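**Student:** Sequence:
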Amino acid sequence: MNTPVITALASYVPRTVAVHRECGIEPTLGAPIQSGWHAWVASWKADYAPHPTEKAAAARSAAVNAPPDEFRCVPVERDTDLSGLAAKVAQTICAGRPVDAAPIDIAMFCHSSLNEHVSTTIAGRLRAVVGTPCFPFSVSQQQGASTFTALQLAGDLLIAEPEIHTILIVAAEKWCPPFSRWTDQGIVQGDAAGAILVERTRPTSCGLVVIDARASRLHRFATPAPLSSLDIRTDWVPALRSTIDAILLRHALQPNDLGTVVGAGIDRQLDEAICRHLSRRVIEFSDRRRAHLGAAEPIVQLANALESHDLSVCDRILTWGIGLGGFAGCALFESHGSPLLYLNPP
Numbered sequence: 166m167n168t169p170v171i172t173a174l175a176s177y178v179p180r181t182v183a184v185h186r187e188c189g190i191e192p193t194l195g196a197p198i199q200s201g202w203h204a205w206v207a208s209w210k211a212d213y214a215p216h217p218t219e220k221a222a223a224a225r226s227a228a229v230n231a232p233p234d235e236f237r238c239v240p241v242e243r244d245t246d247l248s249g250l251a252a253k254v255a256q257t258i259c260a261g262r263p264v265d266a267a268p269i270d271i272a273m274f275c276h277s278s279l280n281e282h283v284s285t286t287i288a289g290r291l292r293a294v295v296g297t298p299c300f301p302f303s304v305s306q307q308q309g310a311s312t313f314t315a316l317q318l319a320g321d322l323l324i325a326e327p328e329i330h331t332i333l334i335v336a337a338e339k340w341c342p343p344f345s346r347w348t349d350q351g352i353v354q355g356d357a358a359g360a361i362l363v364e365r366t367r368p369t370s371c372g373l374v375v376i377d378a379r380a381s382r383l384h385r386f387a388t389p390a391p392l393s394s395l396d397i398r399t400d401w402v403p404a405l406r407s408t409i410d411a412i413l414l415r416h417a418l419q420p421n422d423l424g425t426v427v428g429a430g431i432d433r434q435l436d437e438a439i440c441r442h443l444s445r446r447v448i449e450f451s452d453r454r455r456a457h458l459g460a461a462e463p464i465v466q467l468a469n470a471l472e473s474h475d476l477s478v479c480d481r482i483l484t485w486g487i488g489l490g491g492f493a494g495c496a497l498f499e500s501h502g503s504p505l506l507y508l509n510p511p
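Heads up: take any position in the sequence shown, counting from 1, add 165, and you land on my numbering.
Worth double-checking, as some hints may not be accurate.
[To be verified] Ranges between beta-carbon positions, derived for each pair:
id, residue 1, residue 2, range
1, Thr297, Arg445, 20 to 28 Å
2, Ser473, Ile324, 27 to 35 Å
3, Pro510, Ala267, 21 to 29 Å
4, Pro403, Arg446, 34 to 42 Å
5, Ala325, His442, 32 to 40 Å
6, Asp480, Pro511, 24 to 32 Å
7, Pro343, Arg455, 20 to 28 Å
8, Ala417, Asp349, 16 to 24 Å
9, Asn421, Asp475, 31 to 39 Å
10, Ser477, Ala267, 38 to 46 Å
Simulated from the structure, these hints should not be mistaken for laboratory data.
Here the structure is a predicted model, which means the values were calculated and not measured.
Built from N, CA and C at the ideal position, the CB exists for glycine as well.
Please work from the sequences and hints to get the whole structure.
**Tutor:** Here it is in structure tokens:
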């Protein structure tokens, strides 16, 4: 059969660090720095140098006592780079596969880096992790919508290429100085990684069947201007509504046919607006973060939902996400047993 099924998920979210809005990066980078190459090296060292426990505790205390708009507790990875984050979740899934499992044919890497060299080298590292005859490539610049583009590509490849049986989708984000984690919309961007293993459906397959996945470009009719948090809702709500409605219509489904709804995690009011449209409630997590995880967000959200909620057989799951560059995406799954799940691998 050509229908894709997700048989394994892995997600990794590092510990949080208090980030002040003015500097926009980790507290250790707040000191004045030189310009040019020396400034970049100095900030890089500050980011990766050991941090005294007292200083970290003081930063967390300041974050608790400060006004909510000045500090955010953001997941920050200090022990590895973007490549290492991607490799961590990929290795976790590969290590959990049976010895006689079919080889992974394709590895897709989703990320938000502007540097093409980054995407090609990390895709190459994933090939080394997975091993031959894996073919790697990347899906760039779509942030929270990139996973849905990758799922759409995976479904198309399984139809067009009968020889392809297994596809690994990896998403990772790692923000480094001098780039600020704060956006104009007041959204803070954190570090994280996620991976999903997509296989061609077999009679014995156990996991989430991918009924459909779509991503589309957002067409803004207003004059381009700096986005605000309000624009997240006014611009993306209609785009998400139309994308979700199109998928439901394509499969002759109604909102009440959905069993589980997993939000985007980027803006609470955005999720609430979509849930009102569907007359459904989004899954709530007790450790709700105040940071967006970019390309890794949909996988992390889905993994958390699977870990915290028991799904019944044939339960339909709807999830969605957006990319601040102007993308919206969603996916519809059907539960046929629980996929293998790995949260925060060592």
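**Student:** State for each hint whether it applies.
**Tutor:** These are the hints, each one checked on the structure:
A hinted range of 20 to 28 Å is violated for the C-beta pair Thr297 and Arg445, which are about 44 Å apart. Here the CB-CB span from Ser473 to Ile324 is close to 33 Å, well matched to the stated 27 to 35 Å. At about 22 Å, the beta-carbon gap between Pro510 and Ala267 stays in the expected band of 21 to 29 Å. Taking the beta carbon of each, Pro403 and Arg446 are about 21 Å apart, not inside 34 to 42 Å as hinted.
Taking the beta carbon of each, Ala325 and His442 are about 34 Å apart, inside 32 to 40 Å as hinted. Roughly 31 Å separates the CB atoms of Asp480 and Pro511, a value that falls within the hinted 24 to 32 Å. A hinted range of 20 to 28 Å for the beta carbons of Pro343 and Arg455 is consistent with their spacing of about 23 Å. Distance hint for Ala417 and Asp349: a CB-CB separation of about 41 Å, inconsistent with the stated range 16 to 24 Å.
Here the CB-CB span from Asn421 to Asp475 is close to 20 Å, at odds with the stated 31 to 39 Å. Remark: the range hint 38 to 46 Å for Ser477 to Ala267 is contradicted by a beta-carbon distance near 29 Å.
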